[in-house]
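Asks: For reference, the chains in residue letters:
Number of protein chains: 2
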Amino acid sequence: MKKIFDVILAYNERKGEAFLRSLSGKSPLFVCTIGTTETAKIPGISAAGKNPELTDYTPPADVELLLLGKCKCIARVPVTPEGIPTPALITMSALRMADIPALVASAGLNVKPCVPFLDLGGDPGRDIRSGNAVDNVEETLRRAMIAGENLAKTADYLVIGESIPGGTTTALGILMAMGIDARGKVSSSMPNNPHDLKVKTVHAGLKASGAETGAFAEDPLKAVSCVGDPMIPAFAGLVLGAASKVPVLMAGGTQMAAVLAVVNALNRDVLDNVAIGTTRWIISDRTADLKGIITQIAHIPVLAADLNFSQSKLDGLRAYEAGAVKEGVGAGGVAIAAMAKSEGSITKEILLREIERNYELLVGSK
Amino acid sequence: MKKIFDVILAYNERKGEAFLRSLSGKSPLFVCTIGTTETAKIPGISAAGKNPELTDYTPPADVELLLLGKCKCIARVPVTPEGIPTPALITMSALRMADIPALVASAGLNVKPCVPFLDLGGDPGRDIRSGNAVDNVEETLRRAMIAGENLAKTADYLVIGESIPGGTTTALGILMAMGIDARGKVSSSMPNNPHDLKVKTVHAGLKASGAETGAFAEDPLKAVSCVGDPMIPAFAGLVLGAASKVPVLMAGGTQMAAVLAVVNALNRDVLDNVAIGTTRWIISDRTADLKGIITQIAHIPVLAADLNFSQSKLDGLRAYEAGAVKEGVGAGGVAIAAMAKSEGSITKEILLREIERNYELLVGSK
Chain A
270 MKKIFDVILA YNERKGEAFL RSLSGKSPLF VCTIGTTETA KIPGISAAGK
320 NPELTDYTPP ADVELLLLGK CKCIARVPVT PEGIPTPALI TMSALRMADI
370 PALVASAGLN VKPCVPFLDL GGDPGRDIRS GNAVDNVEET LRRAMIAGEN
420 LAKTADYLVI GESIPGGTTT ALGILMAMGI DARGKVSSSM PNNPHDLKVK
470 TVHAGLKASG AETGAFAEDP LKAVSCVGDP MIPAFAGLVL GAASKVPVLM
520 AGGTQMAAVL AVVNALNRDV LDNVAIGTTR WIISDRTADL KGIITQIAHI
570 PVLAADLNFS QSKLDGLRAY EAGAVKEGVG AGGVAIAAMA KSEGSITKEI
620 LLREIERNYE LLVGSK
Chain B
270 MKKIFDVILA YNERKGEAFL RSLSGKSPLF VCTIGTTETA KIPGISAAGK
320 NPELTDYTPP ADVELLLLGK CKCIARVPVT PEGIPTPALI TMSALRMADI
370 PALVASAGLN VKPCVPFLDL GGDPGRDIRS GNAVDNVEET LRRAMIAGEN
420 LAKTADYLVI GESIPGGTTT ALGILMAMGI DARGKVSSSM PNNPHDLKVK
470 TVHAGLKASG AETGAFAEDP LKAVSCVGDP MIPAFAGLVL GAASKVPVLM
520 AGGTQMAAVL AVVNALNRDV LDNVAIGTTR WIISDRTADL KGIITQIAHI
570 PVLAADLNFS QSKLDGLRAY EAGAVKEGVG AGGVAIAAMA KSEGSITKEI
620 LLREIERNYE LLVGSK
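If you read the protein sequences in the order shown, they are chains A and B.
Using the numbering used here, the first residue of the first sequence is number 270, and each one after it goes up by one.
Using the numbering used here, the first residue of the second sequence is number 270, and each one after it goes up by one.
Among the hints, a few may not be true.
Treat identical chains as interchangeable: a pair holds within one or across any two.
To be verified - Capping the alpha-carbon separation at 25 Å, the derived lysine-lysine pairs in BS3-like fashion look like this:
1. K310 - K582
2. K514 - K339
3. K341 - K284
4. K560 - K310
5. K422 - K514
6. K514 - K295
7. K422 - K341
8. K422 - K339
9. K514 - K319
10. K582 - K476
11. K514 - K271
12. K295 - K422
13. K422 - K469
14. K476 - K271
Everything labelled a hint here was simulated from the structure, so no lab data went into it.
Start from the sequences and build out the full structure, keeping to the hints where you can.
Replies: This is the structure in structure tokens:
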């Protein structure tokens with residue numbers, strides 16, 4: 270696949286190339302949208318935390334890392350049960366190298382970060398098996414739109430990312446509720462993607478809400494409120510508010526398909542100004558199929574930072590090549606933004622060295 | 270006094286002229302810092318609300334007006350007990366005319382606004398007569414600095430304003446605790462400035478905290494925690510974080526002297542990049558003396574928007590000429606920013622017409 274800087278044009282190559290070239294040398298603002306849900310605590314669903322109860326601490330710790338260079342609500346950086354560190358290390362390294370400003374937006378949290386955050390008025394999500402997962406979806410979306418409209422005036426473009434444990438399962442919930450075939454196609458932060466557990470969880474939620482698969486094809490907010498998570502309407506609102514004014518790079522993996530489905534259903538006109546920015550690990554993930562989901566929704570470009578940790582000296586980074594973590598906290602999109610802002614002088618090798626340096630400082634040398 | 274655009278160079282004229290010219294044609298971000306305190310509920314202290322209990326609703330209603338063009342937490346725009354409307358009408362009109370983005374930062378609120386706001390982690394202030402008015406002052410300052418550092422990267426300069434009822438009394442508290450002679454010099458939103466009540470209130474607070482006037486000259490955070498309000502460390506933190514990178518216009522009246530005292534005590538180097546932006550009503554206020562306070566602290570420029578409502582067809586605006594309200598919600602500084610951004614094409618007459626239009630829409634035609 271064609272590359273510009275160290276960015277792979279993974280899908281919709283021509284529009285992707287034009288989009289990426291339009292960002293070259295420009296100054297973005299990164300907004301990290303965070304939330305927590307009880308869905309993440311279903312055993313086996315999420316690896317975004319050492320154990321299920323710790324998933325409440327992962328999003329606030331991630332954004333503390335971005336803004337402070339260290340975590341405060343927990344002593345060390347978030348890790349998977351296998352000890353693989355958060356992709357926020359990638360994001361933080363790219364933000365710092367390219368001097369990109371960052372803001373945090375909370376869609377609903379059990380644990381608040383010890384850094385400033387935009388409160389969008391939402392609450393943490395419930396277990397989607399209840400069929401009644403998220404409150405105040407419309408109000409969260411509305412407030413996020415206001416934030417997006419204002420933030421669009423402060424930067425050449427926005428990069429929006431997320432941190433919400435269990436997020437691929439709730440994304441699957443929204444996609445299935447909207448009639449998009451995403452079974453077996455969403456990614457996982459674990460090498461062995463628990464597709465059956467995710468689908469079973471969504472089916473339980475749909476059943477509890479009294480809805481069939483596809484019942485909410487025209488009602489994305491209802492899909493979110495039944496079987497989604499609070500991050501999605503916050504993220505979608507930011508996109509809807511900003512993308513009519515400036516380009517928006519939606520930074521994430523298969524969860525971006527759920528955001529795309531919501532935005533597409535509410536105002537597809539803004540999508541001319543939108544691309545997905547992710548990592549090579551997502552587009553080469555054989556246990557998932559981002560392209561296979563988004564082609565059912567809208568033909569926006571997918572760009573992927575060509576990160577490759579196979580030659581890293583650090584075990585915890587080489588594990589990314591074995592399918593651990595893959596993406597999150599806007600890692601891929603912010604890496605792309607750093608490369609674009611520096612007009613290519615930040616290469617994947619230079620970025621990896623900075624990530625390794627921060628890894629050794631914060632995690633240790635293993 | 271010399272004018273550029275419709276801005277009066279009210280103090281430190283030469284530096285003020287250079288500062289103002291450097292803003293011409295540039296794009297600012299407005300940050301409105303809000304908070305509430307029990308001090309505002311002391312009878313006779315504040316006119317920022319129809320009655321003392323309603324002062325909790327004034328800051329959230331003010332920022333709803335800025336971001337939504339209408340209030341949500343209360344049915345109509347905030348008014349003084351005499352029915353004179355909030356200066357947020359001026360701010361909103363100037364923001365819209367000049368297409369200036371706005372963010373809200375909360376330093377501690379009893380009532381949360383129905384719009385996105387940056388949570389800086391603080392709590393509402395207690396009555397300063399307790400001598401123990403504000404918790405977590407250092408942490409609020411620290412978080413605000415992080416926000417200021419990031420926001421400075423998103424705009425050519427920052428305009429920072431405030432809305433906190435009772436704010437001139439708590440500002441007086443900080444100034445007196447720091448040994449700055451501000452008795453009889455702080456402004457009021459009422460035509461009859463209750464200086465005696467304010468001084469008595471501060472003395473009660475100092476006594477309760479076991480401190481003499483001037484005891485905290487070297488410890489501004491202690492001055493805030495004993496007899497201040499939570500808005501001040503939030504505002505000061507934003508200035509400290511931003512002003513090393515971009516110019517900062519501190520938008521307000523005599524409360525800005527308390528912010529200045531805190532910033533000056535913590536890092537006076539940033540003050541080369543700072544000016545106060547206010548209204549003509551503040552600098553011509555015979556019941557107060559902004560210049561007389563700030564000359565005791567640091568020689569930064571004071572700019573004043575030459576607003577004049579004497580010819581307005583609306584009673585509620587003409588009341589500003591009789592000494593009601595005067596300033597608040599960044600009105601003067603945002604008016605200056607709108608004039609500077611438009612390189613003078615937004616004149617005071619054009620701005621007044623827009624303010625009158627919004628007044629009629631939101632308040633009525635009286």
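Asks: Hints first: check each against the structure and report whether it holds.
Replies: Now the hints, each set against the structure:
Taking the shortest alpha-carbon separations for K310 and K582, neither the intra-copy value of 33 Å nor the inter-copy value of 62 Å comes in at or below 25 Å. In this assembly of identical chains, the alpha carbons of K514 and K339 lie at most 25 Å apart only when taken from different copies (23 Å versus 34 Å within one copy). For the identical chains of this complex, K341 and K284 are neighbours neither inside a copy (41 Å) nor across copies (41 Å), given an alpha-carbon limit of 25 Å. Neither within a single protomer nor between protomers do K560 and K310 lie at most 25 Å apart by alpha-carbon distance, with minima of 28 Å and 59 Å respectively.
For the homomeric pair K422 and K514, the shortest alpha-carbon distances inside one copy (8 Å) and between copies (19 Å) are both at most 25 Å. Proximity of K514 and K295 under a CA criterion of 25 Å is satisfied in both settings, with 15 Å inside one chain copy and 19 Å between copies. Proximity of K422 to K341 under the C-alpha cut-off of 25 Å is restricted to the inter-copy arrangement: shortest distance 24 Å between copies versus 31 Å within a copy. In this assembly of identical chains, K422 and K339 lie within 25 Å of each other by CA distance solely across copies; the values are 21 Å between and 29 Å within a copy.
For the homomeric pair K514 and K319, neither the shortest alpha-carbon distance inside one copy (40 Å) nor that between copies (39 Å) is at most 25 Å. For the identical chains of this complex, K582 and K476 are neighbours neither inside a copy (48 Å) nor across copies (62 Å), given an alpha-carbon limit of 25 Å. In this assembly of identical chains, the alpha carbons of K514 and K271 never lie at most 25 Å apart, being 28 Å within a copy and 38 Å across copies at closest. In this assembly of identical chains, the alpha carbons of K295 and K422 lie at most 25 Å apart whether taken from the same copy (14 Å) or from different copies (13 Å).
In this assembly of identical chains, the alpha carbons of K422 and K469 never lie at most 25 Å apart, being 43 Å within a copy and 45 Å across copies at closest. In this assembly of identical chains, K476 and K271 lie within 25 Å of each other by CA distance neither inside one copy nor across copies; the values are 44 Å within and 73 Å between.
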